[in-house]
Amino acid sequence: MKLYELTIHEAHGLLKHKEISSQELTRAVLDRIAAVDDKIGAFITVAGESAIKEANLADKAISKGDIQTLTGIPVAVKDLICTKGIRTTCASKILDNFIPPYDATVISRLKKAGAVIVGKLNMDEFAMGSSTENSGIKLTHNPWDLTRIPGGSSGGSAAAVAADMCLGALGSDTGGSIRQPASHCGVVGLKPTYGRVSRFGLVAFASSLDQIGPLAKDVTDCAILAGAVSGYDPSDSTSVPRTVPDYSSFLTEGLEGVKIGIPKEYDSAQGLDPEVSSAVMNARKVMEKLGGECVEVSLPNTVYAVPVYYVIAPSEASSNLARFDGVKYGFRDKERMNLMDMYRSTRSKGFGSEVKRRIIIGTYCLSAGYYDAYYKKASQVRTLIIEDFKKAFEICDVILSPVAPTPAFKIGEKADDPLTMYLSDIFTLSANLAGIPGMSVPCGFSSGGLPIGLQMMGKHFSEEVLFKAAYNFEQATDFHKRKPEI
Amino acid sequence: MKITRDDIIHVANLARLEMDEDSIQKFAVQIDDILRYVETLSNVNTDGVQPTSHAIFLTNAFRNDEEKQDFGRDALLENAPEKENGNFVVPKVVG
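Each protein sequence line maps, in turn, to chains A and B. Per this note's numbering, the first sequence runs over residues 271 to 756. Per this note's numbering, the second sequence runs over residues 35 to 129.
Isolated chain B, as found in the complex:
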């Protein structure tokens, strides 16, 4: 197995997902298949090959540090599941 049941639980936790036992079992099999297939990459010699993270030649895109385009606080809060006095509201964070 490339990926175990415990790996799935660990990674799901990192990604803030919770899963029932059935999904864990199913994902372990499916993701194991996918990762085995991905293993074919080990056949490729990549010694000294630079990795690519961006396919088009572009260096930093700078702009002047100026204030611009403001949707306004109300517009941005419009979709919030819970808000109060111009702020997002979240459940209790500490103790």
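Looking at chain A on its own, in the form it has when it is part of the complex:
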């Protein structure tokens, strides 16, 4: 038995019955990282020493009979979530020496649950991108085909889970950044409802869209991680004071009475690959066989999700990223002797191209004379997108769609064409604009052997409905059991 291949729930069973120790499990995972991450490039920082210490603490707790589902489980975290004492770079040169003085709330929660943090994962710089090629630190390769991108921006998280370099991971999703890499790497990913998970300690990209969520080997693990990190946090004023259901208790068989919405606009979406379309069509048949009832829904304004998002997200980013000025933390260009020159030079040398491009778009959209035409207009169309979902959810519980229009593309294929890259987010952006939860579940493979993901979206705070639907789909299929050969 290869310990690093275990799911969280399998490893928990073995830890509980003392058949393995967290120490053994953690070492197996660290050895796996050492063996394959040269090829994949998922980790920015491996926190081996502190992980072994945490594993020892977990083993001590377990020996006293004190075990929770995540006790002693090695997990990894996207490198824009603050970890006390562990470098947190956002994959940016401007933060490459930043060591947070505190833990993000999700990290405190994971630690309290007994999890072992093995390291920090690569991403597009400040989460801006769909391929992890915008990382200022390194490239990440898709474990299923090393010449392809892992997706993004949580590409390191998805690749690490797919390549068994951690048992589960946290990512963040502003426009699809958990779901799209999960889809491209054949793992399960959840973007929770906006406000479900605290953003305290998450380096902000677009504050009205960002949400932290789990990436996991299967739906059961995803539910465990989501349960551990969800819940109200007074330190995040947009966190919603609402009880978190026990997600694991919804992983039961039977979809009778569940209404599955099929958006009529999505089949004709620009650039939808026929293999993706047919995998999603098959998934729909599986759901029907399980007792789900399909109904047609209409989301006419979601076709505008890309232009709305690429006004709102850069606008919020231009404001959020103003804090990186070389004064309080991170890189400073010390050659410049005047304050204004120091700001300009620090930011110009510290940020990569995509980040600068978005700061400029955002600053332009918010600037005098353009605010109404861009930001206000986009915010109004955002309202219409939300209303589309409200109407759709009057007649269905879960909306099915593709996650990404194509399987993972080649590294370099879209690198010089930002607009084409943005269009690959067409199916995922609207969930962020509407604040609803969205999940990616493996639903097939292309003829070239690349994973394809199925997106399930639900009403605000209906994660348990998604988990139930996804669990049933997963039990009826075996896509999640295939592993890449590395």
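Hints may be right or wrong, so weigh each one.
[Said to hold, decoys possible] Think about it this way: if two alpha-carbon atoms lie no more than 30 Å apart in a straight line, the pair counts; the simulated DSBU-like pairs of lysine-lysine are:
| hint | chain 1 | residue 1 | chain 2 | residue 2 |
| --- | --- | --- | --- | --- |
| 1 | A | Lys-661 | A | Lys-559 |
| 2 | A | Lys-381 | B | Lys-102 |
| 3 | A | Lys-684 | B | Lys-36 |
| 4 | B | Lys-60 | A | Lys-626 |
| 5 | B | Lys-126 | A | Lys-598 |
| 6 | B | Lys-126 | A | Lys-363 |
| 7 | A | Lys-646 | B | Lys-60 |
| 8 | A | Lys-619 | B | Lys-126 |
| 9 | A | Lys-408 | B | Lys-60 |
| 10 | A | Lys-534 | A | Lys-661 |
| 11 | A | Lys-382 | A | Lys-288 |
| 12 | A | Lys-381 | A | Lys-753 |
| 13 | A | Lys-619 | B | Lys-117 |
| 14 | B | Lys-36 | A | Lys-626 |
| 15 | A | Lys-646 | B | Lys-36 |
| 16 | A | Lys-382 | B | Lys-102 |
| 17 | B | Lys-60 | A | Lys-363 |
| 18 | A | Lys-646 | A | Lys-660 |
I should point out that these hints are in silico values taken from the structure, not numbers from a laboratory.
The hints should help you fit chain B onto chain A, whose structure is shown.
Structure of chain B alone, referenced to chain A:
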């Protein structure tokens, strides 16, 4: 052109970024493409539609005005590129 070379220079300055001529040229073309695409929003009738800045219904989140959680000055200065006597140090601001 939706956005000109001069606009890019002006906006970059507002955002405290400096760019060489090559980047300005490249950005002008790319950002122009993106803004043209964004223009498709003008096809949508938004008369009387309220803008949304926050997708979840929440009104103000109040808390009591009490002192709490303090990381401590030293911890917060730990990452500063330059510091002195418990303060951040910046280059000369005036003349």
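- [ ] Output the numbers, in ascending order, of every earlier hint that fails for this structure.
- [x] Of the numbered hints, all hold.
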